[in-house]
Amino acid sequence: MTDVGFVIAGWVITAVVLVGYWLSIVWRTHRAERTEQ
Amino acid sequence: MSDRLMAPVARRIVGVAALLALGALVAVGLFVAPPDAVQGDAQRLMYLHVPAAWLAYLAFGVTALGSALYLWPRTRSAVWDRVAGASAEIGVVFTGLTLLLGSLWGRPVWGVWWAWDARLVTTAVLFFLYLGYLALRRIPAALDVRAKRCAIAALIAFVDVPIVHFSVTWWRTLHQQATVFNPELDAKIQGTMALALWLGVLAFTLLYVYLLDHRYRLEVLDEDREERELEAAIADRVQGGTPSREAVGATS
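Note that the protein sequences, when read in sequence, are chains A and B. Sequential numbering from 1 applies to the first sequence in the working numbering. Sequential numbering from 1001 applies to the second sequence in the working numbering.
Take the hints with a grain of salt, since some may be wrong.
To be verified - Far from chain A, by Cβ distances over 10 Å, these chain B residues were calculated: (1) L1005; (2) A1010; (3) R1012; (4) I1013; (5) V1026; (6) Y1057; (7) W1116; (8) P1162; (9) I1163; (10) H1175; (11) Q1190; (12) W1198; (13) L1218.
Stated by the list, open to error - With the Cβ distance kept under 8 Å, some of the chain B side facing chain A (calculated, not the full set): (14) R1044; (15) L1101; (16) L1104; (17) G1111; (18) A1115; (19) D1224.
By construction, these hints were calculated from the structure, which means they are not laboratory data. Each residue gets a CB set at the ideal place from its N, CA and C atoms; glycine is no exception.
Working from the sequences, and respecting the hints, build out all of it.
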């Protein structure tokens, strides 16, 4: 893999991890709100 | 009891500012900053790796501060325990990212994915210490008992943060010395490369504040659920009847 390949992989992985973590908070909050009702 | 740390308007402003800063980071980090004279394009991974490491320090620092404020009788409040727990989880995510991005940078520049280097090993220890802290928070117990034991664990785990930071000066390491917060406090990065680095720090810090507010609310909801389950279990025990489904859920 070229340097650019590593760079693209790193930036894409970061985006996926951060968006995934954000979605996990949203999903867990939604689930907790549902059980509270 | 407020289930948020920020007012809705402030939350929205921080969210929009984080998005704008992330957009600017992508533009400057990938397209404006020039390739490094020695590392070439691989240097562009540093605009994420260094801010992620900074964020881990910040998040674990907030966890330590929240834990200390919880343990101090005059400032003891469940708010500090929730802030500590919420911040630790975000810190673990960013520490994981730091390790991952460092590995992706290490392969083209060092020629290896991993080295048994003081900085890398102490960072991996940090990651596992706080994973342990998060596991400790999931062990069922009365809220005040759990908060106290977790606060002590967080303060012990935080000892590793300065060890990680100073590992490159205390030991002979493969990892480079600090570029900005070195012993001479002489930043060894300029121009658009420095701009990309600072944009990364700003974007990740704003994102941290935004995530912390949302994660805090989840902490409040989880506590409410645990209290309801405990009350249901106690009511069942008092009545001596068959435990309800909710009470069974509390003990399983």
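We went through each hint and held it up to the structure:
Every CB of chain A lies more than 10 Å from the CB of L1005/B, the least distance being 14 Å, so the non-interface label holds. No Cβ of chain A comes within 10 Å of the Cβ of A1010/B; the nearest lies about 18 Å off, and the non-interface call holds. Look at R1012/B: its CB is around 15 Å from the nearest CB on chain A, clear of 10 Å, so calling it non-interface holds up. The claim that I1013/B lies off the interface holds: its Cβ sits roughly 17 Å from the closest Cβ of chain A, which is beyond the 10 Å cut-off.
With a closest Cβ-Cβ approach of about 8 Å to chain A, V1026/B is found to fall inside the 10 Å limit, against its non-interface label. The Cβ of Y1057/B sits about 18 Å from the closest Cβ of chain A, beyond the 10 Å cut-off, so the non-interface label holds. No Cβ of chain A comes within 10 Å of the Cβ of W1116/B; the nearest lies about 21 Å off, and the non-interface call holds. With a closest Cβ-Cβ approach of about 26 Å to chain A, P1162/B is found to remain outside the 10 Å limit, as its non-interface label requires.
With a cut of 10 Å on Cβ distances, I1163/B stays outside the contact zone with chain A, its closest approach being about 25 Å. Taking the minimum C-beta to C-beta distance to chain A, about 17 Å, the non-interface status of H1175/B holds against the 10 Å cut. With a cut of 10 Å on Cβ distances, Q1190/B stays outside the contact zone with chain A, its closest approach being about 21 Å. No beta-carbon of chain A comes within 10 Å of the beta-carbon of W1198/B; the shortest separation is about 17 Å.
Non-interface call for L1218/B relative to chain A: violated, since the shortest CB-CB distance, roughly 5 Å, does not exceed 10 Å. At its closest, the beta carbon of R1044/B sits 5 Å from a beta carbon of chain A; the interface hint therefore holds under the 8 Å criterion. Taking 8 Å as the C-beta cut-off, the interface hint given for L1101/B holds, the closest approach to chain A being about 5 Å. Below 8 Å, beta-carbon pairs count as interface contacts, and L1104/B has one with chain A at about 5 Å; its hint therefore holds.
The restraint placing G1111/B at the interface with chain A is violated, with a minimum CB-CB distance near 12 Å, outside the 8 Å limit. Contact between A1115/B and chain A, as hinted, is not supported at the beta carbon level, the nearest pair being about 16 Å apart and thus beyond 8 Å. Interface hint status for D1224/B: upheld, as the beta-carbon distance to the closest one in chain A is roughly 6 Å, under 8 Å.
Checked against the numbered hints given earlier, the structure breaks hints 5, 13, 17, 18 and satisfies all the rest.
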